[in-house]
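Following the hints, complete the assembly by docking chain B onto the known chain A.
Taken in order, these protein sequences are the chains called A and B. This note's numbering puts the first sequence at residues 1 to 149. This note's numbering puts the second sequence at residues 1 to 181.
Worth flagging that the hints you see were computed from the coordinates, not collected in a lab. Treat the hints with care, since some could be wrong.
Straight-line C-alpha distance at most 25 Å; calculated SDA-like pairs for lysine to any residue [to be verified]:
id, chain 1, residue 1, chain 2, residue 2
1, A, Lys133, B, Ile171
2, B, Lys44, A, Met94
3, A, Lys12, B, Ala19
4, B, Lys87, B, Val111
5, B, Lys87, A, Met94
6, A, Lys56, B, Gln159
7, A, Lys73, A, Glu93
8, B, Lys44, A, Lys12
9, A, Lys103, B, Val111
10, A, Lys55, B, Leu45
11, B, Lys161, B, Thr124
12, B, Lys162, B, Gln42
13, B, Lys160, A, Pro83
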Amino acid sequence: MTKFQSKKEKQKPAVSTASLPDIVFMLLFFFMVVTVMKDADQLVEVRLPDATELKKIKNRTDVQNVYIGKPFKSLASTAGSAPRIQINDKFVEMDEVALILKKGTKEKDLINLRVDKDVTMGMVTDVKTEFRKAERLRVNYMALQREKD
Amino acid sequence: MTSKKKRRSPIEINAGSMADIAFLLLIFFLVTTTITAEKGIQVKLPPYDIGGTPPPPVPKRNVLNVLVNFNNDLLVEGEMEELVNLKNRTIEFLTNPNNSADLPTSPKKAVVSLQNDRSTDYATYLATYNEIRAGYNHVWDEYAKANFNEEYENLTVPQKKKVQEEYPLVISEAEPSDISK
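This is chain A alone, in the form it adopts within the complex (with noise of 0.2 Å):
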């Protein structure tokens, strides 16, 4: 009899989030190491263009962003509005483009050039030519995917 009423009287076991920790802590690790923290402010607006053949970018270190762009409005009156360079967080001049990229890249590097789509190809052919000046040819066009038809 003691044994029924024995029976009776056990609750349910509550759930043990002991293990909760654990499991919140691996979702920490992944996010933690698959995040790849933003560089740089961008100080110009990019609208990219989309194409269709595109390429993941393998190495997402060895990677040194430079974009091309009209200011923001709110950076207007010190900027101006035509398009400007932007390499890390700073407005570039032309001819400084060269001797920046030899001092921060290193010449594997792959440069990611984020262009805005209304940018006229004389600014970006510039850029181009003191790329090649600075010894850095691997260029990437950044766009956006297109679906093929």
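Just chain B, lined up with the frame of chain A:
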């Protein structure tokens, strides 16, 4: 009394809030992460040549002249062409299916010459470049399927090299013209 104190087990730190801390960090990283890989068209620029030695002359039949003018119009071999047709023009140029006398004798000698104006839009330039690359990719895929029964992307490095030898990617970019001068 004293014996009771000694017997007391060491104080345990409550680890219940550990999960909360981890959650907070997790949410932070979740928000900052962008999983989407950065993509683009990857090119290799020609080395800078100070003397500006003129390139060796190439027979006209081995060159596909592609020009994007200041109006963002596309001209192939001097004639207006729609952008959607450029891929097929490139494929035809590379493979020369009818052994035409105007197209290259061998794809190994083929050169695509891409010229633009300084006032051409970047978007138009990239779209044009993209179509030429699409043509090359198509030809590579065809060759890879015929010889290795695989898509070009899935080939091994030496196999890719073989394809590249057969159909080398030569897109020559001339200095842009300048309409404003």
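The hints, checked one at a time:
Distance hint between Lys133 of chain A and Ile171 of chain B is fulfilled; the C-alpha atoms sit about 20 Å from each other, no more than 25 Å. Annotation: proposed proximity of Lys44 of chain B to Met94 of chain A holds, straight-line Cα distance about 21 Å (limit 25 Å). Pair hint Lys12 of chain A plus Ala19 of chain B holds up; C-alpha atoms about 24 Å apart against a cutoff of 25 Å. Between Lys87 of chain B and Val111 of chain B the alpha-carbon distance is near 15 Å, which keeps this suggested pair within the 25 Å criterion.
Between Lys87 of chain B and Met94 of chain A the alpha-carbon distance is near 34 Å, which puts this suggested pair outside the 25 Å criterion. As the CA atoms of Lys56 of chain A and Gln159 of chain B are separated by approximately 21 Å, the hinted pair is consistent with the 25 Å bound. Note on Lys73 of chain A and Glu93 of chain A: the hinted pairing holds, with a Cα-Cα distance of about 19 Å set against a maximum of 25 Å. Restraint check: the Cα-Cα separation between Lys44 of chain B and Lys12 of chain A comes to about 67 Å, which exceeds 25 Å; the hinted pair is violated.
At roughly 34 Å between alpha-carbon atoms, Lys103 of chain A and Val111 of chain B are farther apart than 25 Å, so this suggested pair is violated. Taken as a hint, the Lys55 of chain A and Leu45 of chain B pair is honoured in the structure, with Cα atoms around 17 Å apart against an allowance of 25 Å. With a C-alpha separation of about 30 Å, the suggested pairing of Lys161 of chain B with Thr124 of chain B is violated against the 25 Å cut-off. At roughly 20 Å between alpha-carbon atoms, Lys162 of chain B and Gln42 of chain B fall within 25 Å of each other, so this suggested pair holds.
For the hint pairing Lys160 of chain B with Pro83 of chain A, the CA-to-CA distance comes to about 39 Å; that exceeds 25 Å, so the pair is violated.
In summary, the numbered hints that this structure violates are 5, 8, 9, 11, 13.
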